[in-house]
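Two chains, two frames, a set of hints: combine them into the complex.
Taken in sequence, the protein lines are chains A and B.
Mapped onto the working numbering, the consecutive letters of the first sequence carry residue numbers 1 to 119.
Mapped onto the working numbering, the consecutive letters of the second sequence carry residue numbers 120 to 229.
It is possible that part of the hints are untrue.
As the list claims (entries may be wrong) - Each computed PhoX-like pair below joins lysine-lysine, with the alpha-carbon atoms no more than 20 Å apart:
{"#": "1", "chain 1": "B", "residue 1": "K216", "chain 2": "B", "residue 2": "K145"}
{"#": "2", "chain 1": "B", "residue 1": "K186", "chain 2": "B", "residue 2": "K169"}
{"#": "3", "chain 1": "B", "residue 1": "K145", "chain 2": "A", "residue 2": "K64"}
{"#": "4", "chain 1": "B", "residue 1": "K178", "chain 2": "B", "residue 2": "K145"}
{"#": "5", "chain 1": "B", "residue 1": "K156", "chain 2": "A", "residue 2": "K41"}
{"#": "6", "chain 1": "A", "residue 1": "K41", "chain 2": "B", "residue 2": "K145"}
{"#": "7", "chain 1": "B", "residue 1": "K145", "chain 2": "B", "residue 2": "K186"}
{"#": "8", "chain 1": "B", "residue 1": "K216", "chain 2": "A", "residue 2": "K55"}
For the record, the hints were derived by calculation from the structure and aren't laboratory data.
Nothing here was measured: the structure is a model prediction, and the numbers come from that model.
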Amino acid sequence: GAVVSQHPSWVICKSGTSVKIECRSLDFQATTMFWYRQFPKQSLMLMATSNEGSKATYEQGVEKDKFLINHASLTLSTLTVTSAHPEDSSFYICSAPRTSGWSSYNEQFFGPGTRLTVL
Amino acid sequence: QQPVQSPQAVILREGEDAVINCSSSKALYSVHWYRQKHGEAPVFLMILLKGGEQKGHDKISASFNEKKQQSSLYLTASQLSYSGTYFCGTEGTGTYKYIFGTGTRLKVLA
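Bound-form chain B, shown alone (with noise of 0.2 Å):
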């Protein structure tokens, strides 16, 4: 089953903050976040574990509370490079399938 995401669209203004959230009905080994630009395939971003991990660089960064099956992408001081569609890509334990999220969409103004 499809990782649920919210909120599906957010706007903001440069140097705004946002939060992305993927949530699971399925255990997960790992979660792994992408952008994509209309077009183009998705560009990785993350990855995490499950452990409780936390990741970030440079203004991007996420937090995976696998007990929850969630993960939450954190935007900070958005750059108008940051539009795009934003997917969290899903691999369940025991499992080899990758699945993607529902999506945000992100539009960053100057």
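Chain A extracted, bound-state conformation (with noise of 0.2 Å):
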């Protein structure tokens, strides 16, 4: 199956700095990356979806300013946490869709996950 990468895997910051996470698809071009918050036994929450070449969409709720998002190319999405506090810390987690081949479609395939914690 396709392979998305994440980096770092995990991160701890002190408060106020700015965290970036990368989201990479390996072996396969993804116009479209989305980014998931997930809280302690909480489901993941879609945060926005990032688009190549144009601007994110941001879900209700999610501060743009604050989670920057930028899909430089076709295989690379990075959020930057900017001026982290700590109830920001979570698990953040990336997907990136394929089209399969045969029909319409798309498959999600997920990175890793970072964890992130801000003291």
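And the structure:
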């Protein structure tokens, strides 16, 4: 199957600093990628849709100025958490859809996730 | 709007069966099922497309009723490795957006 990588796998930072998380599709091109956030014992909540060559689409309640998304190429999307605070500590996961060759459905391929801890 | 799963949690003995339901308030184009172990990313189990499809492999199967906007995951003769949190993922008709359900925590005991 297709592979999506994330970097870093975990990060600890001080309050007020910015953290960048990278999501790469290693063996296919992804014009769209999704960013999710998951708090302990909760579901994955869609934060935003990253679009290559255009602005990201944010879900209601997600601050676009705080969570900067850049989709610079067909294989890379980055999420930057600016001025991070302890309440931003969470598990961040990206996914990239790839259309099946014989049908029009999209299978989602997930990165391994990044655990962010803000002190 | 996030699909609702039921039950929220279930505890089984090894060898018992379980059913997890996923219900959406919006029209669905497809339903995906995932299992997530603690601290890991979700692992894809299967996808069902509209058309009343049923699918399965090994002892895990699923059905999709597009008219009712519901899907069910069936786990038969559960194994210890089935423990984890199960999520349905839905892609609405005419939308590229992918949303996860509320999740069902499943624990299989020896």
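Original post:
Are the Cα positions of K178(B) and K145(B) separated by 20 Å at most?
Top reply: 29 Å, violated
Original post:
Between K41(A) and K145(B), is the straight-line Cα distance small enough, at 20 Å or below?
Top reply: Roughly 25 Å between the alpha carbons, so the hint for K41(A) and K145(B) is violated.
Original post:
Would the pair K145(B) and K186(B) pass a check requiring their Cα atoms to be no farther apart than 20 Å?
Top reply: 10 Å, holds
Original post:
Within a Cα-Cα threshold of 20 Å, do K216(B) and K145(B) meet the stated pairing?
Top reply: Since the Cα atoms of K216(B) and K145(B) sit roughly 12 Å apart, the hinted pair holds (cutoff 20 Å).
Original post:
Is the Cα-Cα distance between K216(B) and K55(A) 20 Å or less?
Top reply: 15 Å, holds
Original post:
Regarding the pair K156(B) and K41(A), is the alpha-carbon distance no greater than 20 Å?
Top reply: Given that 20 Å is the threshold and the Cα spacing comes to 11 Å, the pair holds.
Original post:
Does the structure keep K145(B) and K64(A) at a Cα separation of 20 Å or less?
Top reply: Roughly 26 Å between the alpha carbons, so the hint for K145(B) and K64(A) is violated.
**OP:** Starting from K186(B), check that the Cα of K169(B) is at most 20 Å away, please.
**Re:** 9 Å, holds
Hint check: violations occur at hints 3, 4, 6; the rest are consistent with the structure.
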